[in-house]
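Just so you know, the protein sequences line up as chains X and B, in that order.
If you're matching positions, the first sequence starts at 1 in the UniProt record's numbering and goes up one per residue.
If you're matching positions, the second sequence starts at 1 in the UniProt record's numbering and goes up one per residue.
The set of hints was computed from the structure by calculation and includes no laboratory data.
Bear in mind the structure is a predicted one, so any value in this text is a computation, not a measurement.
The beta-carbon is built from N, C-alpha and C at its ideal position, and this holds for glycine as well.
Watch out, some of these pointers could steer you wrong.
Short, incomplete list of chain B residues facing chain X, as computed with Cβ under 7 Å [unchecked claim]:
hint	residue
1	D5
2	G9
3	H69
4	P70
Below, in silico cross-link-like pairs of lysine to any residue (SDA-like), each with a Cα-Cα straight-line distance of 20 Å or less [claimed, not checked]:
hint	chain 1	residue 1	chain 2	residue 2
5	B	K64	X	E329
6	B	K36	X	G303
7	B	K36	X	P49
8	B	K64	X	A103
9	X	K317	X	S279
10	B	K64	B	R49
11	B	K64	B	E74
12	B	K36	X	K317
13	B	K2	X	E14
14	B	K2	X	W24
15	X	K317	X	G126
16	B	K36	X	N282
17	X	K292	X	E280
18	B	K36	X	F286
19	B	K36	X	T105
20	B	K36	X	Q164
21	X	K317	X	H211
22	X	K292	X	H211
23	X	K317	X	E14
24	B	K2	X	H99
25	X	K317	X	Q164
26	B	K64	X	T105
27	B	K36	X	T163
28	B	K36	X	M159
29	X	K292	X	S232
30	B	K64	X	G126
31	X	K317	X	G303
32	B	K2	X	D39
33	B	K64	X	S289
34	B	K2	X	Y18
35	X	K292	B	K36
36	B	K64	X	E288
37	B	K36	X	T34
38	X	K292	B	K2
39	B	K36	X	S279
40	B	K64	X	I291
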Amino acid sequence: MTDVLDVPDLDPGEWFGYAEEQGWSDGLPTVPPTEALVDAMLAAFPGDPPEFAPLPPARMIPRLRSVAANAVMAGCRPADLPVVVAALLGTTDPAYNLHGSLATTHPCAPMVLVSGPVRDQGFNSGGNCFGQGTRANAVVGRALSLVLRNVGGATPGVMDRSTQGSPAKYTFCFAEADSPFPPLHVQRGFGPEDSVVSVMAAEPPHNINDHGSRTGEEILVTIAGTMAESGSNNVYVRGPHLLVLGPEHADTLARDGWTVETIRERLWELARIPFDRISEGNHVQFDESGIKPEEDGYTVSDGLRQLHVCVAGGPGKHSAWIPSFGATELVSRVVPG
Amino acid sequence: MKIVDPTFGLPDDTDVTPVAHDGIPADALCLLSNSKPGATELLREVAARLEAERGFRDIGFASKPQAAHPTAEETLDHLAAQYRMAIVAIGD
Numbered sequence: 001m002t003d004v005l006d007v008p009d010l011d012p013g014e015w016f017g018y019a020e021e022q023g024w025s026d027g028l029p030t031v032p033p034t035e036a037l038v039d040a041m042l043a044a045f046p047g048d049p050p051e052f053a054p055l056p057p058a059r060m061i062p063r064l065r066s067v068a069a070n071a072v073m074a075g076c077r078p079a080d081l082p083v084v085v086a087a088l089l090g091t092t093d094p095a096y097n098l099h100g101s102l103a104t105t106h107p108c109a110p111m112v113l114v115s116g117p118v119r120d121q122g123f124n125s126g127g128n129c130f131g132q133g134t135r136a137n138a139v140v141g142r143a144l145s146l147v148l149r150n151v152g153g154a155t156p157g158v159m160d161r162s163t164q165g166s167p168a169k170y171t172f173c174f175a176e177a178d179s180p181f182p183p184l185h186v187q188r189g190f191g192p193e194d195s196v197v198s199v200m201a202a203e204p205p206h207n208i209n210d211h212g213s214r215t216g217e218e219i220l221v222t223i224a225g226t227m228a229e230s231g232s233n234n235v236y237v238r239g240p241h242l243l244v245l246g247p248e249h250a251d252t253l254a255r256d257g258w259t260v261e262t263i264r265e266r267l268w269e270l271a272r273i274p275f276d277r278i279s280e281g282n283h284v285q286f287d288e289s290g291i292k293p294e295e296d297g298y299t300v301s302d303g304l305r306q307l308h309v310c311v312a313g314g315p316g317k318h319s320a321w322i323p324s325f326g327a328t329e330l331v332s333r334v335v336p337g
Numbered sequence: 001m002k003i004v005d006p007t008f009g010l011p012d013d014t015d016v017t018p019v020a021h022d023g024i025p026a027d028a029l030c031l032l033s034n035s036k037p038g039a040t041e042l043l044r045e046v047a048a049r050l051e052a053e054r055g056f057r058d059i060g061f062a063s064k065p066q067a068a069h070p071t072a073e074e075t076l077d078h079l080a081a082q083y084r085m086a087i088v089a090i091g092d
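From just these sequences and the hints, can you work out the full model?
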């Protein structure tokens with residue numbers, strides 16, 4: 001069984017169309033995964049090839065070479081492959097629920113959060129970290145999505161049944177910034193010297209604009225208001241969600257003595273969806289799902305441990321809340337190297 | 001030019017429970033609901049039509065615990081062992 005295909009010699013424009021016709025593209029141009037480019041990427045991979053689990057929905061088991069081929073197509077540099085591999089291994093952890101997250105009508109995408117020294121490979125943890133303009137962020141998230149599509153068979157409209165999808169399905173990768181708080185991977189038991197990626201089936205970031213607040217407590221009131229969203233999966237499916245504090249909000253919170261733990265506790269107290277903002281039909285559905293309102297409304301998830309906290313972004317008074325698919329977990333994996 | 005196949009993968013060789021028997025129409029068909037609102041009602045209506053118009057009998061039924069969660073392996077194994085066909089509610 002060979003994994004080498006003999007295709008016509010094509011110029012870049014012709015290749016773009018050819019890859020699209022073959023069903024290998026996410027709609028954007030790709031780099032042809034020639035044997036030379038794939039071999040160069042594999043030559044830089046540290047250690048032995050990892051064992052991959054079957055990728056749903058097709059239940060095909062990728063080889064490192066096919067992962068590298070998709071990484072080449074996405075525009076990855078050889079140094080990016082271990083980050084892509086760590087992210088892929090994270091998504092195949094049963095707790096991540098890859099099959100459900102790929103086949104669902106929900107718009108979730110595989111979010112990749114990069115922590116530790118590997119961030120110095122050009123990952124953006126600063127201004128516009130969720131946006132365009134940084135190759136490492138763009139190509140690592142895109143490579144993961146291409147593997148899930150091309151090997152796993154998560155083809156939009158066929159096995160990917162998302163009602164609307166989201167721009168995050170093209171790519172959703174960012175790095176966390178240094179901050180007054182412990183980095184996420186250290187909070188989760190890794191060492192500061194470890195390079196780690198954390199993945200979660202997530203919605204795109206929801207902005208939290210707060211220019212007016214002057215204290216940490218006030219900022220938490222605004223954050224809690226944004227989190228108390230009646231149309232989120234987290235309300236009745238529960239599961240994890242991620243608060244990405246902008247550095248200015250983080251500095252104000254740290255100045256006022258807040259820690260990750262006390263931020264979680266306070267947001268758990270404050271984030272309530274008022275009873276009258278839930279429709280009658282949803283009251284019934286939530287009840288059937290075992291979700292009961294508290295005295296002052298519905299909670300955002302099923303406990304403060306479901307809220308993860310990190311810092312990223314540049315100057316400005318914005319933070320972001322990232323709800324999840326619900327039936328998923330934030331999964332962290334060490335980057336090979 | 002030669003490229004590495006970006007779709008290349010090895011099939012999962014996990015054993016699949018074989019289909020139990022060929023008997024139709026009794027015990028031939030089951031329904032599997034994804035637990036989305038309305039899914040069970042739609043499946044029940046389809047089943048009623050198949051019983052009335054095609055002679056199916058003893059149509060089985062199972063559902064996921066919640067729409068976002070996968071169907072339990074035991075449930076799938078049980079259905080595969082008991083029935084020849086399944087109608088599955090997907091999407092909304």
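Hint check:
1. For D5(B), the interface hint holds, the least distance from its beta-carbon to any beta-carbon of chain X being 5 Å, beneath 7 Å.
2. Residue-level restraint check for G9(B) holds (minimum Cβ-Cβ distance to chain X is 3 Å; threshold 7 Å).
3. With a least beta-carbon distance of about 5 Å to chain X, the hint placing H69(B) at the interface is held under the 7 Å criterion.
4. For P70(B), the interface hint holds, the least distance from its beta-carbon to any beta-carbon of chain X being 5 Å, beneath 7 Å.
5. About 19 Å separates the Cα atoms of K64(B) and E329(X), which keeps this hinted pair within 20 Å; it holds.
6. Among the hinted pairs, K36(B) with G303(X) is inconsistent with the structure: their alpha-carbon atoms are about 25 Å apart, more than 20 Å.
7. About 40 Å separates the Cα atoms of K36(B) and P49(X), which puts this hinted pair outside 20 Å; it is violated.
8. At roughly 14 Å between alpha-carbon atoms, K64(B) and A103(X) fall within 20 Å of each other, so this suggested pair holds.
9. Restraint check: the Cα-Cα separation between K317(X) and S279(X) comes to about 33 Å, which exceeds 20 Å; the hinted pair is violated.
10. For the proposed pair K64(B) and R49(B), the alpha carbon gap of about 23 Å is over 20 Å, so the pair is violated.
11. Of the pairs offered as hints, the one joining K64(B) and E74(B) holds, with about 11 Å between alpha carbons and a cut-off of 20 Å not exceeded.
12. A threshold of 20 Å between alpha carbons decides the hint, and for K36(B) with K317(X) the separation of about 39 Å lies outside it, so the pair is violated.
13. Under the criterion of a C-alpha separation no larger than 20 Å, the hint pairing K2(B) with E14(X) is consistent with the structure, at around 15 Å.
14. Straight-line distance between C-alpha atoms of K2(B) and W24(X) comes to about 16 Å, which keeps the hinted pair within the 20 Å bound.
15. Of the supplied pair hints, the one linking K317(X) and G126(X) holds, its CA atoms being roughly 13 Å apart against a limit of 20 Å.
16. For the hint linking K36(B) to N282(X), the alpha-carbon distance of about 12 Å falls within 20 Å, and the restraint holds.
17. Straight-line distance between C-alpha atoms of K292(X) and E280(X) comes to about 13 Å, which keeps the hinted pair within the 20 Å bound.
18. The straight-line distance between the Cα atoms of K36(B) and F286(X) is roughly 12 Å, inside the 20 Å bound, and the hint therefore holds.
19. Proposed proximity of K36(B) and T105(X) is supported: the alpha carbons are some 11 Å apart, at most 20 Å.
20. Note on K36(B) and Q164(X): the hinted pairing holds, with a Cα-Cα distance of about 17 Å set against a maximum of 20 Å.
21. Straight-line distance between C-alpha atoms of K317(X) and H211(X) comes to about 6 Å, which keeps the hinted pair within the 20 Å bound.
22. A threshold of 20 Å between alpha carbons decides the hint, and for K292(X) with H211(X) the separation of about 34 Å lies outside it, so the pair is violated.
23. For the given pair, K317(X) sits about 45 Å from E14(X) by alpha-carbon distance, which is inconsistent with the 20 Å threshold.
24. Pair hint K2(B) plus H99(X) does not hold up; C-alpha atoms about 32 Å apart against a cutoff of 20 Å.
25. Note on K317(X) and Q164(X): the hinted pairing is violated, with a Cα-Cα distance of about 30 Å set against a maximum of 20 Å.
26. For the given pair, K64(B) sits about 16 Å from T105(X) by alpha-carbon distance, which is consistent with the 20 Å threshold.
27. Taking the CA atoms of K36(B) and T163(X), the gap is near 14 Å; set against the 20 Å cutoff, the hint holds.
28. With a C-alpha separation of about 17 Å, the suggested pair K36(B) and M159(X) falls inside the 20 Å cut-off, and the hint holds.
29. Proximity of K292(X) to S232(X) is assessed by CA-CA distance (about 16 Å); at most 20 Å being required, the pair is judged to hold.
30. Annotation: proposed proximity of K64(B) to G126(X) is violated, straight-line Cα distance about 42 Å (limit 20 Å).
31. Using a Cα cut-off of 20 Å, the hinted pair K317(X) and G303(X) is violated, with the two alpha carbons roughly 27 Å apart.
32. Distance restraint check for K2(B) and D39(X): the Cα-Cα separation of roughly 12 Å lies within the 20 Å cut-off, and the hinted pair is therefore satisfied.
33. Distance restraint check for K64(B) and S289(X): the Cα-Cα separation of roughly 12 Å lies within the 20 Å cut-off, and the hinted pair is therefore satisfied.
34. Taking the CA atoms of K2(B) and Y18(X), the gap is about 14 Å. The hint holds against a cut of 20 Å.
35. Between K292(X) and K36(B), the direct Cα distance comes to roughly 19 Å. Compliance with the 20 Å bound is thereby established for this hinted pair.
36. For a cut-off of 20 Å, the pair hint linking K64(B) to E288(X) stands: about 13 Å separates their Cα positions.
37. For the given pair, K36(B) sits about 44 Å from T34(X) by alpha-carbon distance, which is inconsistent with the 20 Å threshold.
38. A threshold of 20 Å between alpha carbons decides the hint, and for K292(X) with K2(B) the separation of about 58 Å lies outside it, so the pair is violated.
39. Between the alpha carbons of K36(B) and S279(X) the distance comes to roughly 17 Å, so the proposed pair stays at or under 20 Å and holds.
40. A distance of roughly 17 Å separates the Cα atoms of K64(B) and I291(X); the hinted pair therefore holds under the 20 Å criterion.
Going down the numbered hints, you'll see the structure goes against 6, 7, 9, 10, 12, 22, 23, 24, 25, 30, 31, 37, 38, while the others check out.
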